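Keeping their order, the protein sequence lines are chains A and B.
The numbers in the numbering used here rise by one with no breaks, and the one at position 252 of the first sequence is 252.
The numbers in the numbering used here rise by one with no breaks, and the one at position 234 of the second sequence is 711.
To be clear, the hints were calculated from the coordinates, so they are not data collected in a lab.
The reader is advised that the hints may include incorrect statements.
In silico DSS-like pairs for lysine-lysine, Cα to Cα no more than 30 Å straight-line [claimed, not checked]: (1) K443/A to K75/A; (2) K65/A to K542/B; (3) K818/B to K924/B; (4) K542/B to K161/A; (5) K552/B to K542/B; (6) K863/B to K920/B; (7) K443/A to K386/A; (8) K341/A to K447/A; (9) K65/A to K818/B; (10) K552/B to K65/A; (11) K552/B to K75/A; (12) K552/B to K818/B; (13) K542/B to K920/B; (14) K75/A to K161/A; (15) K818/B to K542/B.
Everything numeric in this text was worked out from a predicted model, so none of it was measured.
Protein chains: 2
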Amino acid sequence: MATAPRPLSPTLIFGLVPVACWFIVRPFLDPTPQLPALFISIGFSIFALLATLYLIPALGPTFIKANLYGRDLLKTYHTPIPESQGLICASIYILLLMLFIPFAFSDTILGSISNNKNEGISIREFPHYQLAVYLSSILSLLIATTLGFLDDVFDIRWRHKLPIPIIASIPLLMVYFAERGNTTVVVPLPLRFLFGTLVNLGPLYYIYMSLLSTFATNSINILAGINGSEVSQALIIALSVIINDLLYLPWPIDFRLPLYLLGNKAELGFGGVWSAGMAYGSTELVSRHLFSLYFMLPLVGVCLGFLYHNWYPARAFPGDTLCYLTGMAFAVVGIQAHFSKTLLLFFIPQIFNFILSCPQLFGLVPCPRHRVPRFDPDANLLHPSKTLFLQPPSKISDFVLRILATFGLTELTTHPSNGTILESTNLTILNFLLLRLGPMNEKQLVKTLIFTQIVGSILAFFIRYCLAGLVYDGDRR
Amino acid sequence: MATAPRPLSPTLIFGLVPVACWFIVRPFLDPTPQLPALFISIGFSIFALLATLYLIPALGPTFIKANLYGRDLLKTYHTPIPESQGLICASIYILLLMLFIPFAFSDTILGSISNNKNEGISIREFPHYQLAVYLSSILSLLIATTLGFLDDVFDIRWRHKLPIPIIASIPLLMVYFAERGNTTVVVPLPLRFLFGTLVNLGPLYYIYMSLLSTFATNSINILAGINGSEVSQALIIALSVIINDLLYLPWPIDFRLPLYLLGNKAELGFGGVWSAGMAYGSTELVSRHLFSLYFMLPLVGVCLGFLYHNWYPARAFPGDTLCYLTGMAFAVVGIQAHFSKTLLLFFIPQIFNFILSCPQLFGLVPCPRHRVPRFDPDANLLHPSKTLFLQPPSKISDFVLRILATFGLTELTTHPSNGTILESTNLTILNFLLLRLGPMNEKQLVKTLIFTQIVGSILAFFIRYCLAGLVYDGDRR
């Protein structure tokens with residue numbers, strides 16, 4: 001059958017379990033590594049991968065029995081596919097994050113290991129208030145998961161869903177407030193003559209944080225519709241955040257890029273055990289990026305495991321649950337580790353997709369329930385799907401659509417005689433890719449999407465580390 | 478229709494909203510009350526009551542549409558009744574607990590209020606680690622709710638459900654461990670010659686904590702089956718915990734009971750602004766019992782609101798969600814506020830029901846899927862339901878049942894010639910009450926159950942404050 005569970009090689013479990021165990025045991029062996037909890041986090045992430053790989057197919061029938069299934073819109077068959085299986089990812093992810101608490105925050109376990117006998121910066125334990133921050137983050141993730149799942153069960157309407165990420169961000173905001181979190185931001189150089197160097201946003205900062213959660217969550221949710229699209233976005237973004245975090249850890253190597261050759265003011269150096277990478281000796285920066293890694297590594301684990309079963313042709317669907325979970329996880333690290341601007345740079349394809357979608361989201365252009373590409377079963381190809389104007393578009397809609405068409409972002413079908421717009425392609429990045437690159441099959445399209453996401457991340461790193469010097473002095477994020 | 482939503486008087490909302498607002502605003506007015514956050518908690522609890530009262534009927538149709546409904550087994554009609562509506566109680570409860578964070582833990586709000594200008598002990602703010610404890614408690618409640626709801630959706634089998642409360646207690650245990658929680662217990666006087674005064678239970682203490690969660694959760698869940706049974710138990714236990722907490726707060730009154738007349742070593746005194754009730758000046762005891770109140774007051778709010786719609790004839794069913802939520806809430810306060818032994822005393826009817834159920838739970842006596850009393854539609858009366866022995870009982874079963882029958886805990890039907898047991902009444906407290914007090918209708922039975930629970934609590938207070946002196950010295954809990 002086309003939708004029988006994808007087979008799993010037994011060598012995988014025999015190969016990965018010892019590796020994972022080694023990472024978990026390693027901090028307790030001599031010589032103690034620089035960042036013991038990080039090793040444990042990697043070990044946990046491998047277990048997250050394995051658990052997801054095995055549980056997704058195992059629980060498929062249970063989901064179908066509980067009425068949680070869907071049919072693949074872009075296939076010739078109509079077999080029911082388990083839906084909302086992001087719930088399994090979320091359960092594994094949150095359970096592991098909780099079990100990780102003693103390793104990251106306990107004196108008893110880690111205090112006995114390292115006694116500053118390592119060279120360089122050693123992060124032996126988090127301050128106690130970090131535990132509150134960690135717990136509030138898990139709480140936000142769990143609320144996002146629960147509400148995402150309720151959305152799948154109750155099929156909440158689009159307009160009622162929007163506040164869900166705001167509710168999920170309440171624990172973050174409350175703890176941020178109770179801990180008297182910083183609400184000042186650094187003003188970009190060109191605007192300093194107006195606002196000064198630092199400006200205290202006060203309550204606006206809280207609104208910014210909840211909007212960040214809303215954006216991260218919904219932007220992944222609306223870039224959906226083909227096998228593997230949601231989870232692959234999440235995977236690339238998580239990997240980008242991890243690469244960014246790694247730049248701030250104390251590495252035993254040290255190298256510099258001669259960026260002044262590109263016109264930068266200073267050369268870019270990172271690494272060096274004493275300088276703790278780009279943290280330049282700041283213990284706080286190291287601990288923030290460690291915090292981010294603790295959330296991102298297991299997320300990569302569950303996303304990878306899920307992608308295996310969600311890959312074309314999909315054996316499992318993520319449901320809104322996965323989008324809410326991953327979106328909230330990104331918002332959490334962006335907010336708690338204080339790199340929300342850098343984080344947003346990794347969302348370039350999502351931002352593009354959101355802006356492109358705006359005319360449909362805000363009612364200028366008719367928005368059908370599904371905007372997925374149109375499937376041609378004979379050629380097994382996807383074409384851009386179209387939205388039909390039952391009434392002639394208003395002047396604004398007409399104007400917006402013609403501008404979009406000029407830039408090649410949509411294709412219009414006009415009346416042969418009077419030129420009225422009859423149809424336009426649906427305004428999503430997937431239809432845009434099909435429009436510009438020609439029809440392709442679902443697998444090629446998801447690969448193209450992944451490629452776009454990777455290019456977006458490379459661009460993000462370039463902007464962050466090469467161009468940011470133009471608007472921010474020092475090492476602002 | 479017999480199951481149309483129960484009407485709500487508009488005077489309720491007009492009457493209660495100003496009262497709730499007054500409690501929330503009061504701490505910001507001069508003179509500042511002794512315990513400002515407690516006022517806000519009471520205000521929130523009134524809002525919890527109102528929200529539950531209005532949302533339960535409002536969301537009923539949504540639940541039925543999402544396949545979450547059941548039919549009342551003990552009624553003549555078969556109208557679908559919304560099931561799992563404990564989810565609404567849980568959502569309101571957890572949301573309010575989160576919104577309460579800044580009031581309980583923020584310097585910004587409460588620091589500006591009180592500056593120790595009050596007479597007596599003033600709890601101005603929690604220590605920071607208390608925030609972690611508070612968050613881990615919410616996390617446990619949220620996990621219990623989510624898993625309870627998943628149980629309702631996926632209809633998890635009895636044996637697979639048992640570990641759910643253990644999973645939900647993980648955050649509690651992890652934070653307890655990370656914060657190096659105390660694992661020593663005071664040994665009762667008669668055992669001191671063996672163990673000494675204090676004994677460190679170590680890992681056993683963690684097992685005790687997760688077993689407490691399991692017991693609190695499942696014992697409420699198995700005392701179910703008639704309208705209002707689950708939520709009324711929870712309500713009485715929560716009220717008992719509140720009364721117990723109030724004994725430890727700094728009251729401006731001061732009175733003593735001459736307990737030495739009853740043979741107690743010392744007289745029992747509480748009250749007095751300087752002695753902080755039974756806390757005898759211990760700031761830690763006051764803050765622990767405040768912590769308990771912050772969880773119990775809104776629980777009473779949602780339980781009262783739910784009971785209104787769950788009262789005979791029920792318009793809404795709680796589902797496992799409510800049992801998990803309330804059970805976990807009790808476990809949380811028992812563990813975090815360190816009065817687990819006192820808490821267990823409030824579970825006397827549940828302990829009785831559990832012990833009575835053991836022969837059926839552990840397979841000595843056949844256990845049908847439902848053990849609710851038998852409904853006689855003509856007389857509108859409930860009779861004890863019976864379980865049928867398809868095979869003659871084993872020797873142990875026979876022995877156990879005959880002992881139970883001797884004490885009047887069950888009624889046996891035996892073969893007229895050889896005396897083999899053919900039938901026994903199901904071993905639950907509800908059937909036991911019907912057996913001893915005769916058939917009654919569902920409303921009378923739930924009232925009897927509530928009465929039993931209240932008598933149990935009075936007994937609990939007597940044991941705790943009058944008899945405990947016989948096995949513990951000082952003021953041990």
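Now the hints, each set against the structure:
no.: 1; hint: K443/A to K75/A; in the structure: 12 Å, holds
no.: 2; hint: K65/A to K542/B; in the structure: 17 Å, holds
no.: 3; hint: K818/B to K924/B; in the structure: 27 Å, holds
no.: 4; hint: K542/B to K161/A; in the structure: 18 Å, holds
no.: 5; hint: K552/B to K542/B; in the structure: 22 Å, holds
no.: 6; hint: K863/B to K920/B; in the structure: 21 Å, holds
no.: 7; hint: K443/A to K386/A; in the structure: 21 Å, holds
no.: 8; hint: K341/A to K447/A; in the structure: 27 Å, holds
no.: 9; hint: K65/A to K818/B; in the structure: 42 Å, violated
no.: 10; hint: K552/B to K65/A; in the structure: 29 Å, holds
no.: 11; hint: K552/B to K75/A; in the structure: 48 Å, violated
no.: 12; hint: K552/B to K818/B; in the structure: 39 Å, violated
no.: 13; hint: K542/B to K920/B; in the structure: 29 Å, holds
no.: 14; hint: K75/A to K161/A; in the structure: 28 Å, holds
no.: 15; hint: K818/B to K542/B; in the structure: 43 Å, violated
Violation of the numbered hints given earlier is confined to hints 9, 11, 12, 15; the remaining hints are satisfied by the structure.
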